[in-house]
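Given only the sequences and the hints, what does the whole structure look like? Please build it.
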Amino acid sequence: MDITNNGTNITVHPFSKCSPTDCDWGTKSNKYTGSPFNILFVVNGSTESLAISPQGTQLTVVDTSSTNGTHTYLLDKG
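With the working numbering, the residue at position 57 of the sequence shown is 66, and numbering never jumps.
Hints may contain errors.
[Said to hold, decoys possible] What follows is a list of derived Cβ distance ranges for each label pair:
(1) P29 / S55: 11 to 21 Å
(2) P29 / G65: 33 to 43 Å
(3) Q67 / H22: 10 to 20 Å
(4) T76 / G16: 29 to 39 Å
[Claimed, not checked] Subject to a maximum C-alpha distance of 35 Å in a straight line, what follows is the list of computed DSBU-like cross-link-like pairs (lysine-lysine):
(5) K40 / K86
(6) K37 / K26
(7) K40 / K26
(8) K86 / K26
Read the hints as simulated data drawn from the structure, not as lab findings.
Ideal Cβ placement from N, Cα and C applies to all residues, glycine included.
Quick look at the structure:
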């Protein structure tokens, strides 16, 4: 996942494991108004709601999907 900022606007570009090739979710931007930072993507007909928040030197990403349930990821910067 690529995350950048320009002032108070945050841009998120997630990817996921798909077969035969990885899925590129595209790029979305939204204004940062506090933690968690929430942003929506539509991937292969599924609505993915990401809630992104800092946790020490890492990021917690909670992905709530309309088709795959809820999954929580802890991401390292890098």
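A quick look at each hint next to the structure:
no.	hint	result
1	P29 / S55: 11 to 21 Å	holds (19 Å)
2	P29 / G65: 33 to 43 Å	holds (36 Å)
3	Q67 / H22: 10 to 20 Å	holds (18 Å)
4	T76 / G16: 29 to 39 Å	holds (34 Å)
5	K40 / K86	holds (21 Å)
6	K37 / K26	holds (19 Å)
7	K40 / K26	holds (27 Å)
8	K86 / K26	holds (19 Å)
The structure agrees with every numbered hint stated previously.
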